[in-house]
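Undergrad: Produce the entire structure from the sequences given, and follow the hints as far as they go.
Chain by chain, the residues run as shown.
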Amino acid sequence: MDSRRRSVLETRHMTAGEVVDRIKKNIGVAWRETTYRDTYKSGSPETSVTGIATTMFNSFDVVERAVAAGLNMIVPHETTFWNDRDDLTVVNADALYREKRDYLAAHNVVIFRMHDHVHDRRPDFTYVGSARELGLDPAREMPPGSHRFTIPETTLEALAADIQRRMGIRALRVVGDPKARVSRIQLGVGYATPAANGPDVDVVISGEQQEVDGGLDAPEYIADAAALRLPRGWIMLGHNVSEEAGMLEMAQWIKTVVPEVPVQLIKSGEPFWAPK
Amino acid sequence: MAALSRREFVRLGTVGAAAAPFVLEGAATRAAAPTAQAIVDRIQRHVGVDSHPTTVDAFKAGDPSSVVTGIVTTSLATIAVMRRAIQVGANLIITSGPTFYSRADAPMPAGRRGTPPPPADPVFEAKHDLIRQNRLVVWRFSDHWRARTPDPFAQGIADTLGWTKYRVNGDPLRVTVPAITIGALAKEVNTKLNARGGLRVIGQPTARVQRIAVLPGTIPIQTTLDVFPDVDVIVAGEIREWESSEYARDLVHAGRSKALVLLGRSLSEEPGMNGCAMWLKTIVSEAPVRWIPAGDPYWRPAT
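Chains as they are written, first to last, in my numbering: chain A, 1 to 276; chain B, 1001 to 1303.
These are computed hints drawn from the structure, not numbers from a lab. All of these numbers come straight from a predicted model, not from anything done at the bench. One should not assume that every hint holds.
Unchecked claim - Derived lysine-lysine pairs resembling DSBU-like cross-links, with alpha carbons at most 30 Å apart:
(1) LYS276(A) / LYS1165(B)
(2) LYS179(A) / LYS276(A)
(3) LYS1192(B) / LYS179(A)
(4) LYS1187(B) / LYS179(A)
What the hints assert, rightly or not - So the derived list for chain A, only partly shown, Cβ under 7 Å to chain B, looks like this:
(5) ASP94
(6) GLU153
(7) ALA171
(8) ALA225
From the three backbone atoms N, C-alpha and C, an ideal C-beta is built for every residue, glycine too.
TA: Here it is in structure tokens:
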């Protein structure tokens, strides 16, 4: 209510195109003109912006909550139409696609994805957010920018339990000997999961990775390391959980370059649950 | 190996024809235990699918001319599976997954382009040593096993879950079960497939479902879009999290009584490798065949 009134007063002169121009001008790296990800997915640049929601996955639920909060521009990190290019030829025969598209149109929602440039800029919002949520002290990142952290020695089980509790994850997945003593963490985000056999690394924490038939299949590698009593672990947070805190960073940053309209994170949240 | 192939040929000649009944074929050769190559040749003759021009189905380790003392099937030829195979006296491992942690099954980790080769990896080295010291032979059986009709991986899951009687039109990929809540279904799948922590679900636990698609392995969004309109639940191995899981989340949010149950790729292929062991027994009588599951690689902390 309050935010709605404020938005009417403050957004008269701000279009989605102007918001995007501010983002491009201030993101700190040259804009990739060839990006197929960081583009409009719905709505037009001429739309007057009442407020901006950042989110991880642009789920139907997020879209509805943004509309309810009076925010008609969404800046998601990930897809809206369930494929990386948001290629509509993949989905246009689908009934749910048409429902989501029609809802977006009916509520005049503009979507502009921010993926590649989030990872290009330094620091990358997603690493900052994930490290904070995991309780990894930036002062212990050595060397800086390496996403490698040394923590006081603990067991893989205690580390995983702490992460699960801290981040409220329902479907955390861990590979490795629970009793393995670990202290050196390599952090990854989303699908950018570091190789499980990195030297001087005990545990990889990341979002998602292909399980089998990739370049270095971590579940099998870590299971074998455990069979050999090598202290190695692999903790998969899930793609959404892994990068969502970075979208809070992004919301806070957009506020600094677009002070005219309200900006907030709307969490898509972990999609999964696990049977007890 | 040419000599072995010849011996195989002669051996087949003794029972008259390659098409002779399996039991006769086995009985006639009990004295001469077959080599790993001979077993693979026999598999290729009997599998009944077109040969794939590019395939991962090949020897990954060991000497194909080794005489086979026993055969183990598994979804993943892990060190733990190899140790159990050694314990039971088997030396041929037939796996649906890689052995050396990649589709290429390169015997050493690949270096990054433009950098010196990486130092020896202790996990790779130990696995090579285990194979060498115990004269194991590993052969991958994925593309051709998967190509059989009905899909042996789906069949394995359906059999394990007791769904075979609920098949729609005899297709193990589709079953219609008595109405069950998504919560109860997930629990049953979790228990019967011996999942540890790998099972993940999207869907309202209290919603009731009946029509299930069983899609082991890894499925792209196109498959999910094609299949979901006709079923309540997709039980899949693996998906990409910017694709099918988000689609399922949106479906549920839009009010559909639907669910996506993810098993993990390896766990989804384990029952099909049990089926593979049973099938192998029908064409190999000279050596014991057993399934040793690699099991669910994932766990979750308590509470």
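Undergrad: LYS1187(B) and LYS179(A): Cα distance at most 30 Å?
TA: Roughly 27 Å between the alpha carbons, so the hint for LYS1187(B) and LYS179(A) holds.
Undergrad: Was the hint right that GLU153(A) lines chain B, CB cutoff 7 Å?
TA: With a closest approach of 18 Å, the GLU153(A) hint is violated.
Undergrad: Mind checking the CB of ALA225(A) against every CB in chain B and telling me if the closest is under 7 Å?
TA: holds, 5 Å
Undergrad: Could you grab the alpha-carbon distance between LYS1192(B) and LYS179(A) and see if it respects the 30 Å cut-off?
TA: holds, 27 Å
Undergrad: Are the Cα atoms of LYS179(A) and LYS276(A) separated by 30 Å or less?
TA: holds, 22 Å
Undergrad: Quick one, is the ALA171(A) hint okay against chain B at 7 Å, beta carbons?
TA: holds, 4 Å
Undergrad: Measure nothing beyond the straight line between the CA atoms of LYS276(A) and LYS1165(B); if it is 30 Å or shorter, mark the hint as holding.
TA: OK: LYS276(A) and LYS1165(B) at ~27 Å, within 30 Å.
Undergrad: Double-check ASP94(A) for me: the hint is only fine if its C-beta lies closer than 7 Å to a C-beta in chain B.
TA: Check passed: Cβ of ASP94(A) comes within 5 Å of chain B, closer than 7 Å.
The earlier numbered hint that this structure contradicts is number 6, and it is the only one.
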